[in-house]
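Student: Build the complex from these two chains, which are given one at a time in their own frames, with help from the hints.
Chains as they are written, first to last, in this note's numbering: chain A, -4 to 243; chain B, -14 to 280.
Errors might be hidden in some of the hints.
Counterexamples of contact, computed for chain B against chain A with all Cβ distances above 10 Å [what the hints assert, rightly or not]:
no.: 1; residue: Gly51
no.: 2; residue: Asn105
no.: 3; residue: Val140
no.: 4; residue: Phe261
If you only want the chain B side, here are some residues facing chain A, beta carbon under 8 Å, derived [as the list claims (entries may be wrong)]:
no.: 5; residue: Arg135
no.: 6; residue: Glu167
no.: 7; residue: Asn168
no.: 8; residue: Gly176
Note that these hints are calculated values from the structure, not bench results.
Even glycine gets a Cβ: it sits at the ideal position worked out from N, Cα and C.
Here is what each chain is made of, one letter per residue.
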Amino acid sequence: MAEPARKMEPAPAPAGDALLAVRDLHSWYGESHILHGMNFEVKKGELVTLIGRNGAGKTTTLKSIMGIVGQRKGSIAFAGQELVGLPSHRIARLGLAFCPEERGIFASLNVAENLLLPPMIRPGGMSVAEIHTLFPNLKEREKSQGTKLSGGEQQMLAIGRILRTGAEMLLLDEPTEGLAPVIIEQIGNAIRKMKEKGFTILLVEQNFRFAATVADRFYVVEHGQVIDMIPREKLEARMGDVENYLGV
Amino acid sequence: MFELLGVSPQALFGQLLLGLINGAFYAMLSLGLAVIFGMLNVVNFAHGALYMTGAFVAWLLLEFLGVGYWPALLIAPLAVAVLGIAIERTMLRWLYKLDHLYGLLLTFGLALIVEGLFRNEYGSSGQPYQIPETLQGGQNLGFMFLPNYRAWVVVASLAICLGTWYTIERTKLGAYLRAATENPALVQAFGINVPRLLTFTYAGGVALAALAGVMAAPMVNVSPQMGSSLIIIVFAVVVIGGMGSILGSIVTGFGLGVIEGLTKVFFPEASNTVIFVIMAIVLLIKPAGLFGRAA
Ligand SMILES: Nc1ncnc2c1ncn2[C@@H]1O[C@H](COP(=O)(O)OP(=O)(O)O)[C@@H](O)[C@H]1O
Ligand SMILES: [Mg+2]
Chain A
-4 MAEPARKMEP
6 APAPAGDALL
16 AVRDLHSWYG
26 ESHILHGMNF
36 EVKKGELVTL
46 IGRNGAGKTT
56 TLKSIMGIVG
66 QRKGSIAFAG
76 QELVGLPSHR
86 IARLGLAFCP
96 EERGIFASLN
106 VAENLLLPPM
116 IRPGGMSVAE
126 IHTLFPNLKE
136 REKSQGTKLS
146 GGEQQMLAIG
156 RILRTGAEML
166 LLDEPTEGLA
176 PVIIEQIGNA
186 IRKMKEKGFT
196 ILLVEQNFRF
206 AATVADRFYV
216 VEHGQVIDMI
226 PREKLEARMG
236 DVENYLGV
Chain B
-14 MFELLGVSPQ
-4 ALFGQLLLGL
6 INGAFYAMLS
16 LGLAVIFGML
26 NVVNFAHGAL
36 YMTGAFVAWL
46 LLEFLGVGYW
56 PALLIAPLAV
66 AVLGIAIERT
76 MLRWLYKLDH
86 LYGLLLTFGL
96 ALIVEGLFRN
106 EYGSSGQPYQ
116 IPETLQGGQN
126 LGFMFLPNYR
136 AWVVVASLAI
146 CLGTWYTIER
156 TKLGAYLRAA
166 TENPALVQAF
176 GINVPRLLTF
186 TYAGGVALAA
196 LAGVMAAPMV
206 NVSPQMGSSL
216 IIIVFAVVVI
226 GGMGSILGSI
236 VTGFGLGVIE
246 GLTKVFFPEA
256 SNTVIFVIMA
266 IVLLIKPAGL
276 FGRAA
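Same shape as in the complex, but just chain B (with noise of 0.2 Å):
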């Protein structure tokens, strides 16, 4: 079969893999952005600048200070999620009544600047970071050769993925966002700090994305540019699937991966915009995306 496709095995199942591993930080990446366009109505562009910053968090732990991949796994998104606090109570509150643009403009701003103090401070040439010992090597599968940290990448972004599916959907403080999403002021009225919320939620979106920075810090150079090239392709993929719904954005991020590699086996000359054609056609025939509730 494989030969009558004229593609090997190795070359689909590794695509494969990869898009997989891609999907994983589109789901990761969108779901954060879903979540605080949901509840602060900010498109947050300083999104993929945070993942960087996780990235360089866990680079800088391991540089200066010697502390490796697994305690950086829990202190970058720390770290992280206290700078998002700092930006959610300093600037983003004075704009949720203001139309969505000048929420965009901000975390642009703030975007060009976090990335233009790294580039300043570290270049931009990018900086290598180790796949921790535990995670090195691979399985033959006798199709495919499986590295280690790519397996891992996987099966730790699905469950970081339902992880949050569940808690914004079956947990009481999941009720509370979601509601909150609705009618903040009667939410707030029913007795519930929803300015602490929205704060939450900044922080806990921005936390994920480092999160993910981490993750990616071995696969990648560690540099200042990475999460801008990246964060194009998350907005696409949050237009795809829609604001509404949580599921809808792990299914599309994972799902837009795996046709992102498949074309690069098959038609490799449209691999870098088959995403975009993508949004185009959903754009047309259900502008709220695909698992969005229309307004």
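The shape of chain A in the complex, shown without the other chains (with noise of 0.2 Å):
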């Protein structure tokens, strides 16, 4: 196997004001061994991005944060809490809500109960109201099966239920995939709103450009390795090497 073109040492100890800090995370399916100790950190406020090729291990950090992955070992603190050992439905209610890159929309459940499947952790979620000003189209369809939506509106329902829940912390993993050009402006509106409302995000993205237009910093994964890391302001100079680790 190839030798990552560049390798971070593991990250000091946190500092003081990340949310969420990943040291030395090792994640495993089964037998196979996916993550080989992952460090990154997400400051409260901040939008990070994951970016690597397919496979690298994105998805798979997002699910071990969330607890649904075979095997965890190293650290995942989030404010301050230990997630490592703990079971998912008890992350969740830490403040931590996860849209997945299937979008997991539910087809025994109509639009409005996918919306409010997911139960309120704390109070200060956003409304259904302000839910639906932000994705009128949920509205509309209220009443349909989940599932009959567009992928654009489903994208939408899955980013929609996960606001209301008063968690601090949003996971979204490649909202654009596979969406028209006019809906990916719409996700990424949405996205900039709810920066603005103050939720934590930490973003997984194939879609480069797009990630660009919101992001605040990369991580770049690779064989479940945290490589690179690369600030907005840097980006235009370094944009080389991020072609060079995307390989386009």
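Tutor: Listed below in structure tokens is the structure:
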């Protein structure tokens, strides 16, 4: 297996202002060892993006944070609380909400039921009316079966339903995958609004041009490790590296 | 018209009522089986034994504590729910990730043990259980005699079925159950305690079976094998209706009961097999069942 082009030393102990700090995280699906010591952090109110080629381990990173992989080792600290070892419903209750890559809309629930499914974990989430303002399509189709929506509408529903719960941090896995440009723009606007509202966001994106319009920082993931970090200000100067990492 | 068909109205309506009664039990039992299978991925072969346990708890309450039918309708399902919680927590829980076969074998073994225990203790001849005083007697409807207790069983079981349907299809708890049937990991990642939901589902499903057992007690002898003879037909009902739909289980249960009753009138020789013939036909034409969603 090729050595990653550049390898970051494990970062020093988390700075005091990191809302999420991942340290030397290893994850497994059954026997397959997928994450090999991930290190990164997300500060309160930041929007951080994980980029990297297909199969690099971005989705697995989000699932590890939520506690829905086979086995985890290392440390994931959220607001000072260790997540490794907690069952996933306890993790969610601490204020983390997940929007999966496959969207996870429930066929046996209508749109309204899908939207209201995640339980409120604390006050302070967006109201249903606010979510409908953000995604008007959802209001029009309240009574439809969840999976009868278009791909774009299902994505809006998958994002919309985690905005009500009062969760402070959102994990979004490729929210623009397979969507038309006008829908991508709508999702982008929604994500900017979520940021304004103070949500902390960890975004996984293949669509680098989209990610560049919303993210504060980028972590590059390869073979289950973080191999580089690029702040937004350096993006222009480092475009060559990025293209190299993503193989475009 | 009845003369033309060569049957008396008494026989026809009598069998129709009997069919409805049987259908009520098919519906109540298949509902629980379908919900348990959907959520836990377990074919609960212990369902019949727990139905029998419900009836026995009612009989024991009356025999030894003088506690009658009405309190038993509440106490027996609760007692069996507690037993269900113990079974789920200590045994079933470890099998969810394995093939269906393991859950089936475990619950089949449990059924044999429970039946064996009752047979050892009380023999297999069966114990009579009195119809509660308020429901003795009946109504002469002109074309037939309607025993009050049977009328109550039909009405009460319909109410129970519709209540279950409402809970699953129209409440928040039901939305959790439906969603967790589709994608338990994601539902848990939203903050819902799915392991506890599974325990609750099993307890609820077997409590429904126990409730049916108490309702059956005054009409049949309370015997250790009363569940095993019924459960085979109920499995056929579940196969015919399909796993996908609660309303489907209810309609299929009552419908097959009535079809079985009518077969007794018009073609008695086939009455014991008609449900299995229908099952074979449905499996050939629509393998997911009449109301089932194809996997
Ligand atoms: N459920 C699973 N079981 C086993 N291996 C998996 C599973 N899901 C993903 N993988 C493997 O883990 C690696 C990382 O996958 P993933 O995290 O989905 O990558 P990315 O999201 O970066 O495209 C891939 O090699 C993939 O084949
Ligand atoms: Mg992915």
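Student: Confirm or reject each hint.
Tutor: Outcome of the hint check:
Interface exclusion of Gly51(B) from chain A stands, the closest Cβ pair being 45 Å apart, more than 10 Å. Asn105(B), annotated as away from the interface, keeps every beta carbon of chain A farther than 10 Å; the closest lies near 41 Å. Distance check for Val140(B) against chain A: the nearest CB is about 29 Å away, which clears 10 Å, and the non-interface claim stands. The non-interface label for Phe261(B) is consistent with chain A: the shortest C-beta to C-beta separation is roughly 30 Å, beyond 10 Å.
Look at Arg135(B): its Cβ only gets to about 35 Å from chain A, farther than 8 Å, so that hint breaks. Given the 8 Å rule on beta carbons, the hint for Glu167(B) holds: about 5 Å separates it from the nearest Cβ of chain A. Checking Asn168(B) against chain A by beta carbon gives a least distance of about 6 Å; that is within 8 Å, so the hint holds. Below 8 Å, beta-carbon pairs count as interface contacts, and Gly176(B) has one with chain A at about 3 Å; its hint therefore holds.
Of the numbered hints listed earlier, the single one contradicted by the structure is hint 5.
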